[in-house]
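Protein chains in written order, with this note's numbering: chain U, 1 to 139; chain Y, 1 to 139; chain Z, 1 to 139; chain V, 1 to 139; chain W, 1 to 139; chain L, 1 to 139.
These are calculated hints, taken from the structure and not from any lab test.
Be aware that one or more of the hints could be misleading.
[Unchecked claim] Think about it this way: if two alpha-carbon atoms lie no more than 27 Å apart in a straight line, the pair counts; the simulated DSS-like pairs of lysine-lysine are: (1) U:68 - U:27; (2) L:68 - V:128; (3) U:129 - Y:129; (4) U:132 - Y:128; (5) W:18 - L:128; (6) Z:54 - V:132.
Please read these numbers as outputs of a predicted model, since none were measured by experiment.
There are 6 protein chains.
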Amino acid sequence: MPECTTTDVIEESTAEGKVRMIYDDIKQTLGIDFIPNMYKAMALNPDYLELTWKRVQAIMSKEGKLDKNTKDIIALTVSIMSGCNYCIDIYNGAVSHNGLDEEAITEIYAIIDIYSGLNRFNIARQTKKDEKPWFGCGS
Amino acid sequence: MPECTTTDVIEESTAEGKVRMIYDDIKQTLGIDFIPNMYKAMALNPDYLELTWKRVQAIMSKEGKLDKNTKDIIALTVSIMSGCNYCIDIYNGAVSHNGLDEEAITEIYAIIDIYSGLNRFNIARQTKKDEKPWFGCGS
Amino acid sequence: MPECTTTDVIEESTAEGKVRMIYDDIKQTLGIDFIPNMYKAMALNPDYLELTWKRVQAIMSKEGKLDKNTKDIIALTVSIMSGCNYCIDIYNGAVSHNGLDEEAITEIYAIIDIYSGLNRFNIARQTKKDEKPWFGCGS
Amino acid sequence: MPECTTTDVIEESTAEGKVRMIYDDIKQTLGIDFIPNMYKAMALNPDYLELTWKRVQAIMSKEGKLDKNTKDIIALTVSIMSGCNYCIDIYNGAVSHNGLDEEAITEIYAIIDIYSGLNRFNIARQTKKDEKPWFGCGS
Amino acid sequence: MPECTTTDVIEESTAEGKVRMIYDDIKQTLGIDFIPNMYKAMALNPDYLELTWKRVQAIMSKEGKLDKNTKDIIALTVSIMSGCNYCIDIYNGAVSHNGLDEEAITEIYAIIDIYSGLNRFNIARQTKKDEKPWFGCGS
Amino acid sequence: MPECTTTDVIEESTAEGKVRMIYDDIKQTLGIDFIPNMYKAMALNPDYLELTWKRVQAIMSKEGKLDKNTKDIIALTVSIMSGCNYCIDIYNGAVSHNGLDEEAITEIYAIIDIYSGLNRFNIARQTKKDEKPWFGCGS
Numbered sequence: 001m002p003e004c005t006t007t008d009v010i011e012e013s014t015a016e017g018k019v020r021m022i023y024d025d026i027k028q029t030l031g032i033d034f035i036p037n038m039y040k041a042m043a044l045n046p047d048y049l050e051l052t053w054k055r056v057q058a059i060m061s062k063e064g065k066l067d068k069n070t071k072d073i074i075a076l077t078v079s080i081m082s083g084c085n086y087c088i089d090i091y092n093g094a095v096s097h098n099g100l101d102e103e104a105i106t107e108i109y110a111i112i113d114i115y116s117g118l119n120r121f122n123i124a125r126q127t128k129k130d131e132k133p134w135f136g137c138g139s
Numbered sequence: 001m002p003e004c005t006t007t008d009v010i011e012e013s014t015a016e017g018k019v020r021m022i023y024d025d026i027k028q029t030l031g032i033d034f035i036p037n038m039y040k041a042m043a044l045n046p047d048y049l050e051l052t053w054k055r056v057q058a059i060m061s062k063e064g065k066l067d068k069n070t071k072d073i074i075a076l077t078v079s080i081m082s083g084c085n086y087c088i089d090i091y092n093g094a095v096s097h098n099g100l101d102e103e104a105i106t107e108i109y110a111i112i113d114i115y116s117g118l119n120r121f122n123i124a125r126q127t128k129k130d131e132k133p134w135f136g137c138g139s
Numbered sequence: 001m002p003e004c005t006t007t008d009v010i011e012e013s014t015a016e017g018k019v020r021m022i023y024d025d026i027k028q029t030l031g032i033d034f035i036p037n038m039y040k041a042m043a044l045n046p047d048y049l050e051l052t053w054k055r056v057q058a059i060m061s062k063e064g065k066l067d068k069n070t071k072d073i074i075a076l077t078v079s080i081m082s083g084c085n086y087c088i089d090i091y092n093g094a095v096s097h098n099g100l101d102e103e104a105i106t107e108i109y110a111i112i113d114i115y116s117g118l119n120r121f122n123i124a125r126q127t128k129k130d131e132k133p134w135f136g137c138g139s
Numbered sequence: 001m002p003e004c005t006t007t008d009v010i011e012e013s014t015a016e017g018k019v020r021m022i023y024d025d026i027k028q029t030l031g032i033d034f035i036p037n038m039y040k041a042m043a044l045n046p047d048y049l050e051l052t053w054k055r056v057q058a059i060m061s062k063e064g065k066l067d068k069n070t071k072d073i074i075a076l077t078v079s080i081m082s083g084c085n086y087c088i089d090i091y092n093g094a095v096s097h098n099g100l101d102e103e104a105i106t107e108i109y110a111i112i113d114i115y116s117g118l119n120r121f122n123i124a125r126q127t128k129k130d131e132k133p134w135f136g137c138g139s
Numbered sequence: 001m002p003e004c005t006t007t008d009v010i011e012e013s014t015a016e017g018k019v020r021m022i023y024d025d026i027k028q029t030l031g032i033d034f035i036p037n038m039y040k041a042m043a044l045n046p047d048y049l050e051l052t053w054k055r056v057q058a059i060m061s062k063e064g065k066l067d068k069n070t071k072d073i074i075a076l077t078v079s080i081m082s083g084c085n086y087c088i089d090i091y092n093g094a095v096s097h098n099g100l101d102e103e104a105i106t107e108i109y110a111i112i113d114i115y116s117g118l119n120r121f122n123i124a125r126q127t128k129k130d131e132k133p134w135f136g137c138g139s
Numbered sequence: 001m002p003e004c005t006t007t008d009v010i011e012e013s014t015a016e017g018k019v020r021m022i023y024d025d026i027k028q029t030l031g032i033d034f035i036p037n038m039y040k041a042m043a044l045n046p047d048y049l050e051l052t053w054k055r056v057q058a059i060m061s062k063e064g065k066l067d068k069n070t071k072d073i074i075a076l077t078v079s080i081m082s083g084c085n086y087c088i089d090i091y092n093g094a095v096s097h098n099g100l101d102e103e104a105i106t107e108i109y110a111i112i113d114i115y116s117g118l119n120r121f122n123i124a125r126q127t128k129k130d131e132k133p134w135f136g137c138g139s
């Protein structure tokens, strides 16, 4: 019988080369003094870590069309729809850090509740596209 | 063998009583001259239509903590995560009507792509909560 | 750096006005002497709580076309498909309270297993609608 | 470059041996004079077809704890949650054939809408189990 | 008020008849000296247990077109997409037992991350089928 | 009322700079003479296109632990679980191009069917981790 693998992580103390450089960049960019567990797991494949981190940076940190808080709200919404508790915790922290209070966060949850329900009704009914757009433009 | 039912809708021309009143409110509130297919289907159960519409109004139209465009972006994100084409079309129209151009909408899609992927990685790894929060607060 | 928000709940002891009235209605309607955690969280947005509770009542408690146990079975099935443990616990309790024994509940799970699998096969195959209906009516 | 495969189906006219026997059983059991597209696709792996069909029969057709219409309602609910249009059509036809009219079917959709929404709220909040059960029993 | 049911399992020590025979087959086939919790729960409906186990055997254990490790990788991928921790643990164990090391398992996760993201982008965009196939055959 | 945006794509004939270079790389790497619709849509955000394409290349095209066909099978499985028809078509084409015939592809579908079902059963039951591993290693 073969030996069995414990899927592990790359700790900061043993990180070398490309992984060490990315770890330093993560800490500096996020302004934290530790490496999140997610990235320590991803580091088992350094190319995957590098290109994922670069892509996150390019979309989330660079000046774009949407402001930082709107981006974090989208990330929170996606995390809730995927049912990922680790991710929900992080992006709840993020939008709170951005200044949203508990009423605003509850408003986000309420909107997700409403549209999760309505989406499912339209999937059930296989609702056909309306003949005219709702918003004065060809939606 | 029993007769079979075609699940149908309540057309404007035959709407009466509570349904007619809600139809009028929908047209006035949304500023359109037709009833969306979704609400015409829902009208088969007038209480369901009434309380759903009231709830949508209370969260989406009333002054709250989030601005209208942020709310529509959340609705669009939920619709994409649910895979509801009817809903995606409507909220693409909404955020476009709110002023987002194609670059901004592509940015929304890019964020959804990134976090759908990372969510799944963390579900795969069953990533444990980090010992310290990312954002200087107990996320 | 901004202060961070802990998303909180409205306890019974501090509930006032509209929230207190709904809390009383929840306890009376469900025949329990406490407020479920779900509603205590929702109370941070009193309009959301009120209209959600009214809608739940209108569909689940009012005389309709389906009996109470069938409604609870649908709620249980939806909760299992969404992967919401809190909700699964509640509706397992409900259908058990309605009189279903463990064999009947296992039968529900078996049906969900079968159709989750077959659904996925048909999504994989993108199966086309059959030329004739299965049940003697234009399904 | 290798030839490419078109994933195909086993038509009735070419079915032989085990597949032919199952096809005959499907038509007789369902009381139809054709083989649904789903089973014609599955027949490419005769063991898979046989054991799936047997399992469907054992749960859906045999006398159990739940009546036929309740079973079909569960199958419809699962199909809606999975977003499988082929399956939604079939089980809409089934519950209609069982005698549910359009109001009853809309009631099913309303319940699915409500709980899809509430499930998502509880996933967002990671709601903790209530200290006491809702239904007088340890749910 | 009715008594409430605790959904339970059939322990090995009380298994009889058909359930006992299947339990013995499970232990022998998997080469283990205990019955997994999943099958002990399923045994509350012996027909369901029997036909599920037969179907699993027919697809996973019999000589087919795909090798054992590829089959286990598919089962792991499905488990991650469904968000089932119990199942993820089992199939992580399986592919590790088959000889995949932590780098290979991370590669699986990376592929799931990438395609979960791209899938969502294409759902968002409702991307139309390309006019020509990518792989030199009519996909 | 604002003008409305039609979310568009960057055609090959108008691609410039970074987008043109990536388009050329896509065609050469995939061995095709057109740009898939997915990438033409992504090109509205050139950084997103570039880093997504690089990441896809790093995981799917570079020598790794898993062979090309296994990677494509994972991509197909993810696409089926996400319900993305565009993606299912592409990866059905890919595994067919790799040499899988219709029996082998049906075997993939059968495994997905089985585990989608069993996953849901374990989510329904909230099955606890077995005390001992199934495969002789601490899964």
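Now the hints, each set against the structure:
no.: 1; hint: U:68 - U:27; result: holds (18 Å)
no.: 2; hint: L:68 - V:128; result: violated (44 Å)
no.: 3; hint: U:129 - Y:129; result: violated (42 Å)
no.: 4; hint: U:132 - Y:128; result: violated (48 Å)
no.: 5; hint: W:18 - L:128; result: holds (24 Å)
no.: 6; hint: Z:54 - V:132; result: holds (23 Å)
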